[in-house]
Amino acid sequence: MNEDISNLAISQIRSLLRKRELSSLELTRYYLNNIEQAKTLNSYSFVSEELAISQANEADKKMASAEVEDLCGIPFGIKDIFCTRGFPTQAASKILDGFIPDYESTVTENLFRSGAVMLGKTNMDEFAMGSSNETSRYGPSINPWSSELTKALVPGGSSGGSAAAVSADLCAASLGTDTGGSIRQPASFTGIVGLKPTYGRCSRYGIIAFASSLDQAGPMTKTVRDAAIVLKTISGHDPKDSTSAKINKPDFEADIGKSIKGKKIGIPHEYKTEEMPQEIQDLWDKGKNVLESAGAELIDVSLPHTQYALPAYYVIAPAEASSNLARYDGVKYGYRAQISPGDNLIDLYEKTRSEGFGDEVKRRLLIGTFVLSTGFYEAYYIKAQQVRTLIKEDFENLYKEGIEALLTPTTPSSAFPIGKKDEMSPVEMYLNDIFTVPTNLAGLPAISLPAGLNKQGLPLGLQLIGRPWEEANILNLAHVMEDNLKFSQNPKKWWT
Amino acid sequence: MSIDREVVKKIAKLSRLKLTVAQTETTAKELSEVLVFVKKLEKIDTSSVSPMTTVTPMESKERSDKISDGNYPDEILRNAPNVKEGFFSVPKVIE
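Residue numbers (my numbering), protein chains in the order written: chain A, 1 to 496; chain B, 497 to 591.
So here's chain B without its partners, still in its complex pose (with noise of 0.2 Å):
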């Protein structure tokens, strides 16, 4: 299949991301693109394979559900482009 405006206006939404109309025109094409190239694994019969999960085999670890981290909300303020009170500040969210 080929991606049209509309599939792209669709993911872009989905992906957090504003495009241009121009924008919308070459992505529209690029993707086209890029996916007429990963359309060549439909040539492959998969239908008994599993899908790969892990590459290395290793049992999945567990540890206990402790907190062993934290309590240093400063440190985790300092980067945020704007804090107010010890909060990460938004725009409102709920009118």
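One chain only, chain A, in its complex shape (with noise of 0.2 Å):
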């Protein structure tokens, strides 16, 4: 295969493909030859080959007109979380077996009609909850940074299978979604960019839901701008979805270059947690340097109800979940259990769903249960939305003042080795999302970039949290991140 095109960002591939120098199809076979060999990567859930050769082809004819769409032709892996019409999606779970959607997510939708092509469905955790892909139907998906399959390490979750397919160079860019950390925390443990716009922004119609107040799809991409590009296309108003925002839409690229000079970057002390390694501390320090080098001006600032995010949100998202997921009662799609003889209906949704989900499903569908039953539903569930009140106005006191975005690390840890899942308690794997979940709660936007490799040489990112529908400023900040850090490095093809 041709040596050139590998590792290209979306933007290099935009202007390859309009000067013909490249065409989509040759890209496209590209990808499709990486997943081939990449199998041990267990990235992708589904490859759909025969799909992705005709859509290249219909924009390799495209690109002939003066008027081609950014994403013309560049391929994507998508999560297996959106709904793809004729193609499997079944959130990685059992419950879902040989469900084949007869519709569309708005959000690939967008993607499509620009002219993008998908190579396939990519691993995830169990409807997106967990942070390691290993709570996956398909079994878990590999870190490429990983030395070796022996030392397999979790490329994080929900959205693990799209991080590892982008760092891995299966595809130019891949879908996640995030509901407390799921495209910003495997962003960071594989060395890519993840950008979690603003609830709102993108339409949640076709997304397999897991906590509705709290999901929203986002682009994971190998530089910032891509996220940009990605952003421009697949947000927007959707009147199938009533939490979609009527609202402009900027040019995410537009702010792209300009001057952070007096922009007022907050660092939140809360973030500083006693447990905090010290390569997390010395990232977060070089990522001040860059922001204040650049002309920024660095203050230091509070978020008094941070410690309370985490225990707000293992209330908030099981109840929605709780909800959202009674809908599986192997009756109207996927899976159905056997029945014995004497059964009733009863027997049915209950075999059904314990067959169906996994432990880690379960324990969340049980606590939701817990927390909205009678007697318990205003000590925790409305508790727990009252907190959420507060978290979102610790933000929004300092965005009064004047802060217009926040530094903090992305993860409180590098990529951890597969399988340590059991070693730990549920709380303990929930600490994961500490710095990443607060944004969800407050829907607020926030991109998680690569900002070096710690001393196992494993990639470790820093996250930018913006202002409401100011996704536009945090890439701007990214960028210029991103062109001190100098982040480039791939990881070694170790997988064929």
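Bear in mind the hints are in silico, worked out from the structure with no lab data behind them. Everything numeric in this text was worked out from a predicted model, so none of it was measured. Heads up, a few of these hints could be off.
To be verified - The calculated EDC-like cross-link candidates involving lysine to aspartate or glutamate, where the alpha carbons are at most 20 Å apart (straight line), are: (1) K525(B) to D359(A); (2) K272(A) to D285(A); (3) K332(A) to E104(A); (4) K400(A) to D300(A); (5) K246(A) to E526(B); (6) K536(B) to D285(A); (7) K536(B) to E270(A); (8) K536(B) to E526(B); (9) K509(B) to E521(B); (10) K240(A) to E526(B); (11) K514(B) to D300(A).
The two chains are supplied separately, each in an independent frame; assemble them into the complex guided by the hints.
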């Protein structure tokens, strides 16, 4: 295969395609070949080769016309949580075995309408519940940054397959969803860029629901500019989602390259936890220095309710999940358990759900049912929603004082080994989301960008949190950091 | 509070999940642990705070009560695991 088309960013591909120096078909074949060679990584749950080839051919035909859209001919990996018409979609759960949607999610519809190519569906944690991609029906996806298979590391989760696919050059970019960090944490673990837009920026129509008030789709890309290009295409108001915002959509790419002189960046001291490893602290300092040298003003700030974000999240997210996942009953679609003579409808429901859901999903359904049940609803669910108000107000207070963005680490550690989950309690696992969850609760946009490698040679990410609807601002800041941090390493290809 | 086996049995029933005896034990232990973690919320005084109802303030959208989609029973039934004569098929509900 052509060596010089490896690890290309969308912005590079876009110009090569327009100059007709590369065809979408050539590029699509390159990724399909890479996917074939990287089966060990288990990052794709389904490869849509035929569709990809025909979409690529279509795109190449369109290239001749003057008005070509940004993503025309760009090959994507799509998280298995997006409904794709005619193609398997099961959110990595056994309970959706065999499900083939008859409709398309708005986000993927937007993507394909602009001429993008779908290479396949990417692996994830079951129903997006997990931080390691180990709760998947398809088995774990493996982090390309692992030194070898016997020392396999997780790619993070829940959008682990999407992250691994971008990092290992198995697509130009991918789509993920983020409920508590599911785009940003795997992006950090695999050395790529991950953007969670403002809640309401992208339609949730056709995305298998986990926690509806927190879920948001977003791009996972090789560069910051690519994230801006993808967001431009996938976002926008959609009458089919009553929570999608009727709001002006800026050209997210246009702000990139503007000066950040005088911008006020908050450094929240609550994010400096006692347990924070030195390597994370050093990385954070490196990020601060970069912004400061570029003329930004760093200000120590306080988000006093930060420590309550995770407990509130682990009430609200399971509560919403328990009602969203009530629809899986073995009747309308997906898996249905074998029933015995004399079994009634309730037995069918119980057997189907017990066999169809994995342990982590069951755990969260039980927590959710508990916090919503009579006698506990006020004490847990309403309390958590009150705390959520306070967490949002923390951010609003800073933004009112003129803070334009916040800089924090994305994760409290680098990628951990596969199997470590079994030695951890559920609560220990939940701590992975400590820096990412508050922005979901507050509905804010946030981006993770690769900032360096630790002593073990594993990537670490930094996070910028923005004001509502100001994705363009954090994209510009992230671009300045990307320019100065010069993270361009790719994982050593050990998997073929 | 810690969650005992009886509470787990009750919420499992509400969740339409069947748990084995061993699973009930583990679940009781794990859920208790999660609740201890969540209990931290009690430390904050929220007596004058309204619970969040929408994260991005916007007017509730209204639409006219008209059918805008539908009329494709075959597509709807295509994914069903058990279909008889154009209907979802389930075990007998009424004795």
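Given hint D300(A) paired with K400(A) - CA-CA distance at most 20 Å: holds, 15 Å
20 Å limit on alpha-carbon distance, applied to hinted pair K514(B) and D300(A): Violated, at about 51 Å.
Distance restraint between K536(B) and E270(A), which requires alpha-carbon spacing of 20 Å or less: At roughly 16 Å apart (the allowed maximum being 20 Å), E270(A) and K536(B) satisfy the hint.
Given pair status - E104(A), K332(A), alpha carbons within 20 Å: Holds. K332(A) to E104(A) sits at ~18 Å (cutoff 20 Å).
Given pair status - E526(B), K536(B), alpha carbons within 20 Å: Judged against 20 Å, a Cα distance of about 17 Å means the pair holds.
Restraint status (C-alpha distance of K525(B) to D359(A) at most 20 Å): Roughly 14 Å between the alpha carbons, so the hint for K525(B) and D359(A) holds.
Hinted pair K509(B) and E521(B), Cα distance within 20 Å: holds, 15 Å
K240(A) paired with E526(B) [C-alpha distance capped at 20 Å]: violated, 38 Å
Distance restraint between K536(B) and D285(A), which requires alpha-carbon spacing of 20 Å or less: Cα-Cα ~30 Å, so violated.
Given pair status - D285(A), K272(A), alpha carbons within 20 Å: holds, 11 Å
20 Å limit on alpha-carbon distance, applied to hinted pair K246(A) and E526(B): Not OK: K246(A) and E526(B) at ~42 Å, beyond 20 Å, violated.
When the structure is compared with the earlier hints, violations turn up for hints 5, 6, 10, 11 and for no others.
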